[in-house]
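Taken in order, these protein sequences are the chains called A and B. Following our numbering, the numbering of the first sequence begins with 1 at its first residue and continues without gaps. Following our numbering, the numbering of the second sequence begins with 1001 at its first residue and continues without gaps.
Because the hints were derived from the structure by calculation, they are not lab data. Don't take each hint at face value.
[What the hints assert, rightly or not] Computed cross-link-like contacts, DSBU-like style, restricted to lysine-lysine with a CA-CA straight-line distance of at most 35 Å:
hint : chain 1 : residue 1 : chain 2 : residue 2
1    : A       : Lys98     : B       : Lys1081
2    : A       : Lys211    : A       : Lys240
3    : A       : Lys52     : B       : Lys1066
[Claimed, not checked] Just a few of them, taken from the derived set where beta-carbon distance is under 7 Å, the chain B residues facing chain A:
hint : residue
4    : Ser1068
5    : Asp1070
6    : Ile1119
[As the list claims (entries may be wrong)] Covered by chain B, per the in silico footprint, the following chain A stretches (three or more residues, Cβ under 8 Å):
hint : stretch
7    : 7-14
8    : 110-121
9    : 192-205
The beta-carbon is built from N, C-alpha and C at its ideal position, and this holds for glycine as well.
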Amino acid sequence: MPQQNAFLDTTVILSKEFGSRHIKDEIEKSLGNKKKFTTKYACMEINRTFLKDAIFLHSLLVEEMDLSVVFKRVQFHPKISQRITNRCLDILSQITDKGQLRVEDSIARLANLITGLRKALLSDISIILSGTDCPLADENIVHIPPIYIIETRCTRNLPECRIVEFLEEKRDEIRKIWSSLASDESFGTLYDFLSKMIGNEKIAKGRNCQKLGDIIICLDSPNGYTIYSTNIKDFAIICKSLGKPFIGIKVPRKEKSG
Amino acid sequence: MSEALRKIRRVVITRIEATCEEDTSLFKMLRELPEEVLRTHSVASTEFPHFTQERENIAECIQELKQSFDDPEDRQIFYSKLRTLLVDLRDKVGLDRLYFLRAINMCIDALENTKSELIESNQVEALEFVLRQMRERIEEFEVNQLQEILFNAGLKPIPKLEETAFLYE
Chain A
1 MPQQNAFLDT TVILSKEFGS RHIKDEIEKS LGNKKKFTTK YACMEINRTF
51 LKDAIFLHSL LVEEMDLSVV FKRVQFHPKI SQRITNRCLD ILSQITDKGQ
101 LRVEDSIARL ANLITGLRKA LLSDISIILS GTDCPLADEN IVHIPPIYII
151 ETRCTRNLPE CRIVEFLEEK RDEIRKIWSS LASDESFGTL YDFLSKMIGN
201 EKIAKGRNCQ KLGDIIICLD SPNGYTIYST NIKDFAIICK SLGKPFIGIK
251 VPRKEKSG
Chain B
1001 MSEALRKIRR VVITRIEATC EEDTSLFKML RELPEEVLRT HSVASTEFPH
1051 FTQERENIAE CIQELKQSFD DPEDRQIFYS KLRTLLVDLR DKVGLDRLYF
1101 LRAINMCIDA LENTKSELIE SNQVEALEFV LRQMRERIEE FEVNQLQEIL
1151 FNAGLKPIPK LEETAFLYE
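The following block holds chain A by itself, in its conformation from the complex (with noise of 0.2 Å):
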């Protein structure tokens, strides 16, 4: 029998290294010893979420050299959404061990997630080329001491960005997915937004990309791998329209202590 290929999105990569323990446990089985693929969307997608957080939280602290200024600055950052500020709370938390660790420490510790992060996320996992050929997914990061840096802004304008071209060419999968958004009120706005972008892609560069994420990730995965993802409500339905085998992996809900 031939071995199945698992393709990933970003909720799996990250779960099976930053997951509970259970969610590891979970993934680790229903994984077993499957080929395993991502896109480089699902990379790009990886740097502007968690390594971006990881080099911001980086910056504070070279910049404070106090855990509990920089604990604070996050927690009431004016501009940064209340998700952020939870990603990135809870990543301080785990680096400084609640905050008992030095300084310095912290900051040692931090630099070594930046360096070691895409070689402790994606060392057994192929990458595929993504259709939108995103050029931020071939970022890399740059140590400017004491700070790093990785470009992670979508302009717009990049040449190499081929979303517009992708999705026209998708445009009848994309439709599937659209009709079968329909009766969900939870997916109003991403109906809405499909509901423009049909016949006129180009309006999705940009910010507007990150909407369409999940299918971007969906329809990267080539014919007759199965796509894994935590994120079951939202990949289920997507895979289902488009006719594609997915595995969702479930974790258990529940607000973290401390």
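Here the structure of chain A is known, so what remains is to put chain B in place on it, guided by the hints.
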């Protein structure tokens, strides 16, 4: 590859071979090291001037760990001792030696991410190799290469983050 480097590679491989007669995985890993890494790390570092005693203690503890490898209780005891020695060393190092501090934290995290009962002998060899190459004035690219060596041995030289992933859904 120059003749001098070939000679160094031969010496390194012979030494590793001698110490890894039964477990050849480290030998294989080192044989596949890029030339640049070999050039940098072929000779064990002696630049540990401010922490001579700590260095000796760590080197001794690694030997104790290797010798006790087949006894799970002793293995745990020396594993824990090694971690403690590294934590003690870490507490004495400041940001003026940032890359040295990174290397120490890398080893501590690698030890914490793999429990003593699950560590394999080639991973202990890799840790020993990395600890032997550490210098107070180690360069950034060298630390990144040492991190790569630990990753390639199957260790995780980064901080453990639990239950963080779901915040990214």
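Hints, verified against the model:
no.	hint	verdict
1	A:Lys98 / B:Lys1081	holds, 23 Å
2	A:Lys211 / A:Lys240	holds, 19 Å
3	A:Lys52 / B:Lys1066	violated, 40 Å
4	Ser1068	violated, 28 Å
5	Asp1070	violated, 28 Å
6	Ile1119	violated, 18 Å
7	7-14	holds (count 3)
8	110-121	holds (count 9)
9	192-205	violated (count 0)
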